[in-house]
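Q: Chain by chain, the residues:
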Amino acid sequence: MSYFTVKYLFFFLPAVILVYGIMPKKIKPLVLLVASYLFFFWISKKLIFFLILSSLSIYFSSLGMRRIDRITKEKVEGMEKEEKKRIKQKGKKKKQILLLLTILFNFSFLFYFKYLNFFASIGNALFDIFHADFSIRLVKHLAPIGISFYTLQAISYVVDVYHEKIEAESNLFKMLLYLSFFPTIMEGPIASYPEVKDSLYEGTRLSYHNLCFGLQRIIFGLFKKCIIADRLNIFVKLTFDHILQYSGITLAFGAIFYTILLYMEFSGTMDVVIGSAEIFGIKLPENFRQPFFSKNISEFWSRWHITLGNWLKNYVFYPVSFSQPVKKISSFFKKKFNHRVSALVMGAIALFAVWSLNGLWHGAGWQFVFFGYYHFTLLMLGNIFEPWISLGCEKFSIHRKANWYHALQIGKTCLLVFIGELFFRANTLSDGFLMLQRIFTHFDLQQFQTEFFHLGLDGKDYLILLIALGVVFLISFLKERGVSIREKISLKTISLRWIIYYALIMSVILFGAYGPGYEPVEPIYADF
Amino acid sequence: MKNMGKSILFLVLLVVQIVVVSYLLAPKYNMDKYTVADISIYDILGERKDTIDVIALGDSLVYSSISPMEIWKDYGYTVFDCAKAAQLTREGYQYLKVAIDTQHPKLVILEADMLYRDTTKLKWDYDIQKLGSKFLFLKKFHNNWKKYLFSSLGEDVPYTKENIYKGFKYIPKVEPGTKVNYMSSQTKRKEINPENTEYFLKIWQLCQENEIPLVILSVPNMGTWNMGKHKGIEKLIEDKDIPFLDLNIDNPVGIDWTKETRDKGRHLNYEGSIKVSQYLGNYLKKTGLLTDHREEEKYKSWWECYRLYRKSLQEENYR
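Protein chains in written order, with our numbering: chain D, 1 to 528; chain F, 1001 to 1319.
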């Protein structure tokens, strides 16, 4: 059951709203917990066991850490400074072991369900190379839904407790709800505990305002997914599955369309997710901030899948950057060269770790690994060449804040993103290279003209796409300029407001790419 | 309270808009008795009255194996696949009731695998789905906006009120079947559950009341069919005058399981369906029950459907 199904939108969500609405304040969070477990069970059946295990592991581990802290504090009272230090060190060691075990425990499930086959096939390839008469058997299995998302949340929670950034939660039900909250379980956002804990357990009363704003957001998500993403799906599928059949221009459109599809599908899902939570008065972190207005790749990643970026920054980038070995390497380069080189090297090591994990998190496949290192390379090149670009602009009197310069930067970033997404979507890494090569070597305008209207879309479909993309662009543009469309609309007269809402709803119903002849996009990020 | 009133008014106006748009876009045929909602569930209601010779009842095996247009081209018989994915016997019975209300077929073919479908599926779930299809029939017709809006733009999308595939589904994918000797005679008889037996008897009774001969057919299916099921069907019809045509025994159709199945032998692909359709056309001819309509004015639209069917296959192939 995806968030775009009739079952979710017309049965599950309304039923939860109804039960939530009639229950007393104290029971409301419990309603959300029961609904979340039902939702999970509905999709993953007995695999719910792994979600419970993860929740219990971080719950008991965090309480264990709190206990160690308390005992250490009691022990050191009235002790000599040296003795105090020794006891504290001992306590810290115990906490470290507990943290490490919890992380390993949670990552072991993720590894088993997502990466075991990938690494086993690498192992088998190596055995083949060395002619070893041995192979690892690949296991076919279904993973619990959202395991990549809730595992990261679980790790973030337990690490924050370890660093005493947050208090360990003593209420087990709260912990269970934090990891399983049904709108976020499938595709995130990856919310840290402090970001959601207040609103998640508040038991906020249903209000007309929250209901309206939540539903608006859901409808906008449907607009993006059903009209744009689903419409582009056939074109994208055909081009990526039959690379040799199509001209380079068609393949280039395939790559561009896939990037648009991915954004519309994922950000549309986030609209439904955030809108669903908003109905219950729960504020979730945003995952997108107009990424296609980014002027460079670094900015792009601060606007695209923001919560994953933040997680990697807080739990990979900083820990790696400030680890003892990296500090040593950095000071070596500082002595040998200068501060800039040292900072570049330190950044490169940390970014390498971040992008290795980012690539692998998206999937166990070489194309994802490549996708990670592609962006790592772009970021490093950006860091290395920035001083020279700045110098060049100064020398040629190019005003870097001019609109035309920004437009060029945005165009360049989009182009680089399209290439990255091409590899991301390609069935294999070699398919990705083949497609990229054909884009530049098979420029056949005549073939393109014949193909373009025979890939599941006719002239009318393209017109609808243009209009819908125009609407999304306009809204993004205004948001970029700091205008809150939803607040603006809420200030209009009721008749105008209703006309806008009806237009949105009816356009989804009429122009949505569903029913005979279309193939809706499967939830892409739910597979990660 | 004020907000509640506003919300209700908003929803009422929305429903009105949806209803108006639905009726504007829905095809307007066969509506004297059945509504567009029924047409969205039962494709056969799009056919002209009393024009269908054979009704093929079943699940995905039917729409994957029998292409009515191929039979039309070679024999001039009008066959319609009254089939949907995982159709239950109770749904099949309902479909047949609706079908013979507007058609007087000369023969009903019942695909046997449907009689082994698990019927433990909750009935309320089925009722909700049926109710959903009734009210959300726009799902099937919403794309008709292309017919009415911007009609001058690009190539006009061919649209006909009739189902040009006549219930068939074109799937060219190839995924070879690997089972060996799936019709081993050693297999023990598999019993048909009480609900399926009950609805089979209802289907048979309905055919008898309308004087329509019933034939049980088992299309080539390496995935779920076996000798146990074959014996179960034989037992079911042992005291009834119902022919049983099992195309799995000795492969009379000549299916090449390395090329003519789309999912390892569970369903046939387009190539396999051509063979079954030819075999079935020949079988229908031998019954002597049907006449060739290819030259008849009343069936002119079948030729138009056939043209669109071919064009559609070419386009799909191009993909």
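FYI, nobody ran anything at the bench for these hints, they're computed from the structure.
The beta carbon of each residue, even a glycine, is placed where N, CA and C say it ideally should be.
Take the hints with a grain of salt, since some may be wrong.
As the list claims (entries may be wrong) - With a straight-line cut-off of 20 angstroms between C-alpha atoms, the simulated DMTMM-like cross-links for lysine to aspartate or glutamate are: (1) D:Lys174 x D:Glu202; (2) F:Lys1173 x D:Glu77; (3) D:Lys237 x F:Asp1246; (4) F:Lys1147 x D:Glu286; (5) D:Lys140 x F:Asp1246; (6) D:Lys92 x D:Glu202; (7) F:Lys1286 x F:Asp1246; (8) F:Lys1311 x D:Glu202; (9) D:Lys90 x D:Glu77; (10) D:Lys90 x D:Glu164; (11) D:Lys140 x F:Glu1195; (12) D:Lys479 x D:Glu286; (13) F:Lys1084 x F:Glu1195; (14) D:Lys401 x D:Glu421; (15) F:Lys1231 x F:Glu1211.
Stated by the list, open to error - Incomplete in silico selection of chain F near chain D, CB under 7 angstroms: (16) Lys1139; (17) His1142; (18) Lys1147; (19) Lys1235.
Unchecked claim - Quick list of the computed label-pair ranges, beta carbon to beta carbon: (20) D:Thr450 x F:Gln1205: 16 to 22 angstroms; (21) D:Tyr208 x F:Val1020: 46 to 52 angstroms; (22) D:Leu429 x F:Ser1312: 52 to 58 angstroms; (23) D:Ala15 x F:Gln1017: 24 to 30 angstroms; (24) D:Phe440 x F:Pro1176: 19 to 25 angstroms; (25) F:Ser1312 x D:Phe111: 55 to 61 angstroms; (26) D:Thr450 x F:Arg1307: 18 to 24 angstroms.
Q: Which of the stated hints cannot be reconciled with the structure, identified by number in ascending sequence?
A: 2, 3, 4, 5, 6, 8, 11, 14, 15, 18, 19, 20, 21, 22, 24 and 25
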